[in-house]
Amino acid sequence: MTTIPTPEAELAQVSPRRLSRASTGADAVFTASARTIGASVLVITGGVGAFLAWQAYPTLRRYGWSFFTESQWQPDQDVIGIAAVLCGTVSVALVAMFFAFPLALLTALYISEYAPARIKSTLVALIDLMAAVPSIVYGLWGFFLIMPHAAELALWLQRHLGWIPIFQVADTDPNAATWDATRYVSSAFCAGIAVSMMVMPMACAVMRQVFSQTPPGEKEAALALGATKWGMVTSVVLPFGRGGIIGGTMLGLGRALGETIAVVLIVSPAFEVKPRILEVGTSTVSSLIAGRFGEASTSQLSALLAAGFVLFLITLVVNTGAAVVVNRSRSGAGVD
Amino acid sequence: MTRRTRIRALLSLLVAAACLIAPVGFAAASTVGPATPALRTTYAQIEGTGSTWSELIVQQWIADVDANGMKVVYTGGGSSKGRKDFAQGSTDFAISEIPYQGTDEQGNADTSNGRQFAYLPIVAGGTAFTYQLKIGGQQVKNLRLSGETIAKIFTNQITNWNDPAIAADNNGRAFPSLPITPVVRSDGSGTTAQFTLWMDKSYPSIWRPFYGKSGLTSYYPRQGRAIGQAGSDQVMNTIAGFAGNGTIGYVEYSYPLNKDYPVVKVLNKAGYYVEPTQYNTAVALTKAQINQDPNSPLYLTQILDNVYTNADPRAYPISSYSYMIIPTGSTDPRMTTAKRQTLADFMYYSLCAGQTKAGPYGYSPLPLNLVQAGFDQIAKLKTADPAVDLTSRDVKSCNNPTFDGKNLSKNKLAQIAPQPAACDKTGAGPCGYDTGTNQPSTDGQQPTDGTSQAPAADGTSPPTDTAPVVDSTTGEVVQAAPVDPAAPAADTGTTTTDTTGTTATQPQAAAADFPVPTELAAARPADTKTFSWVAALLLVALVLMPGVMATKLRRRPVRRGQ
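Chain order of the listed sequences is E and S.
Read in order, the letters of the first sequence correspond to residues 1017 to 1352 in our numbering.
Read in order, the letters of the second sequence correspond to residues 6 to 567 in our numbering.
Think of the hints as simulated: they come from the structure by calculation, not from any bench.
From a predicted model like this one, the values you see are computed outputs, not experimental measurements.
Built from N, CA and C at the ideal position, the CB exists for glycine as well.
Don't take each hint at face value.
[To be verified] Here are the computed lysine to aspartate or glutamate pairs in the EDC-like style, where the Cα-Cα straight-line distance is at most 16 Å:
1) S/LYS206 x S/ASP69
2) E/LYS1245 x E/GLU1129
3) S/LYS218 x E/GLU1129
4) S/LYS430 x S/ASP448
5) S/LYS274 x S/ASP317
6) S/LYS218 x E/ASP1094
[Stated by the list, open to error] Quick list of simulated restraints, FRET-style, between CB atoms:
7) S/PRO299 x E/THR1194: 55 to 61 Å
8) S/PRO184 x E/GLY1062: 22 to 28 Å
9) S/ASP532 x E/PRO1255: 47 to 53 Å
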């Protein structure tokens, strides 16, 4: 007689192997160290923010809401506010983006879609080189080479588009026999042009990378359906790269907001809220900090750091916005 | 044991031996090393920040001593920054126009934070007013202004170059109707401090209402049309830049000299308009009161009230000394023997041979008494650290152009300074010579001394003969009465003053013949618009005409054929 082992009896003794997702051994070490390093970025960013907030607290408590509405920066008269410098920061950054965005977009499109393979790598290297040029060089370039021409362009803009508030220049007649060149230099417009050359390579690099990830299948499909190259670019590459375009622009904007040395070299500090970007005199948060930091006393330092804290928050918001846009876009995900 | 392993063992033995011996060898070499530095001196790199007023000469000195192995780094940034960096202990020395103020004008502490220091005068100079003003494309190079006019320009009371006060200072010479744009420093600056101190002492009724209180400030209260720029070089660049027409700013005389730009001749108490050359500055500073109390924290600092009112016709009113702040504490955390030695030898060079270069570079050498006092201050470095070697470094071996070999108590430079030219007097002139050439304007001989290996003295002989001053219309010597700007219209564009370089050989009568500014009516947009329309119509016609003509011509044969 043979006994057949009953499956029930066997099964009763077998317990399922415990599955653990926790890594062991070398994996655990690697996971832990990678996690630590990743977290340290958060700690550092948070630390910068916390430090600035801690330093800014006395100033914010002392001046309260008027710190944001007052335009004058006169520590000797106990009048401190960042309305004017914030306005200047935004106008310099917007002028910079006005010039940098089309340049960056078209350069990226040319490199990824049109440039012959021979010169493609050279062009990429040149753009990277532009990003590597120190900002003081751009400042000198802007001061000595660009400002004379920018001032003439500003005069032309005022003469023909002076009815638009941002192109007005106070206290000067654009049709005078000899134009008053001193009113058109050292302006947000001149500084913005210099800054645009600094943010352009960064925006361009991001856009180019996204464009180069466009699925070749979709591009070929468009061409096969009879689209011209430009038709393919507008119907496939640009929609696919929308996230990259917006993200690169926002990253560039973040850098334009904080650009310092070139702005210090070019602008003539003036503390007034004005939309007139062509007119002499403006000030940005970072140029204010750079200009006053060296000789600041403790209380002034706190005021400067408060201004820096506000700038930190603005760039944080801008860059976070950029990250969200890039993540939500279709770029690089879900294509075949 | 095989042969190969034996060789390998031998090799490893050799390597081990070499490892053992090598450090001994290096040690032997290093014991030989210090024997030589005991005779020479060891130097270490020293760093400083501060004044841009005196930066040009300091950078030259640094380049000079570099060959002797002294590495000095100086980065400017303004006097306020220099004092602050020194107080925070982040530099080895500072250079400042004004001493620590105790409490600065903004009500904040301006002290050395307890760091022990001494003031050491390094160079004298004049705060110059440089400008760009063009009449008919020709740059004006001989503008002269009284102190009151200057104060009013920088406080926005005189806002146009055709102001009668400016014409009166230039003996009736009219300037074009052009807005004045003052260029001021936007950073904390010793130049601003010296300039505002002069305004506060000399023209309190003009300066104080503008500033809102009395006293000097390192931060110019920029208002109205004024443009602010950081650093003396940026001020100079803005004035010399393409948009500089109509601008005027204040910098040390060396900056316009370096850029070949004119400076304003400033009226002194004796009624002469003078340029801040090394002679005029030296003469003015003979009246400077120096704090002579070695126990005072302000030992050697300057009181310039009598300089501003110096009645010598050669004196330039806004002259001052620049100071180095050196750390004298024996426990100073930044200082070492090598650094103190570098600082001492750098200063020894600067106070002696380096002063020879002051004149040619647009500064003025220090007089003997200040050099002597400077040596006493350097000696404090040895007091702090006995290892510092100061032997064979004393005043007697000093090659300083202000020293008179026979009488050490006299300032040779101030003695040989030439009397100003007659055309520089109030009510005469103005002289036709260019300013900003580092040559004092005079009717007599140019002084000759050791300092004349100037970059300026490159064979261009200075204007020496008498400069007759004639009215451009009548040919007579002009009176103080202002010339009617409409009268000499016939002379417009005939001759100009600024024939650079040839002034000496040219007959001086031509020197006083200035172009007369004329004011053009503004180009009204109405004209431009009319012409734009006409141009547009012409363009349209140009495009359409061939087509229209062609149709007409085509129709004709058809008609013929019918």
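Going down the list of hints, with the structure as the test:
With a CA separation close to 38 Å, the supplied pair S/LYS206 and S/ASP69 exceeds the 16 Å bound. Between the alpha carbons of E/LYS1245 and E/GLU1129 the distance comes to roughly 9 Å, so the proposed pair stays at or under 16 Å and holds. The suggested pairing of S/LYS218 with E/GLU1129 is violated, with an alpha-carbon distance near 65 Å, which exceeds 16 Å. For the suggested pair S/LYS430 and S/ASP448, the alpha carbons sit about 12 Å apart, so the restraint of at most 16 Å is met.
Annotation: proposed proximity of S/LYS274 to S/ASP317 holds, straight-line Cα distance about 8 Å (limit 16 Å). Pair hint S/LYS218 plus E/ASP1094 holds up; C-alpha atoms about 15 Å apart against a cutoff of 16 Å. Checked against the hint of 55 to 61 Å, the C-beta distance between S/PRO299 and E/THR1194 comes to roughly 58 Å, which is consistent with it. Separated by about 51 Å at the C-beta atoms, S/PRO184 and E/GLY1062 break the suggested range of 22 to 28 Å.
Remark: the range hint 47 to 53 Å for S/ASP532 to E/PRO1255 is upheld by a beta-carbon distance near 50 Å.
Figure legend: structure checked against the earlier numbered hints; hints not met, in rising order: 1, 3, 8.
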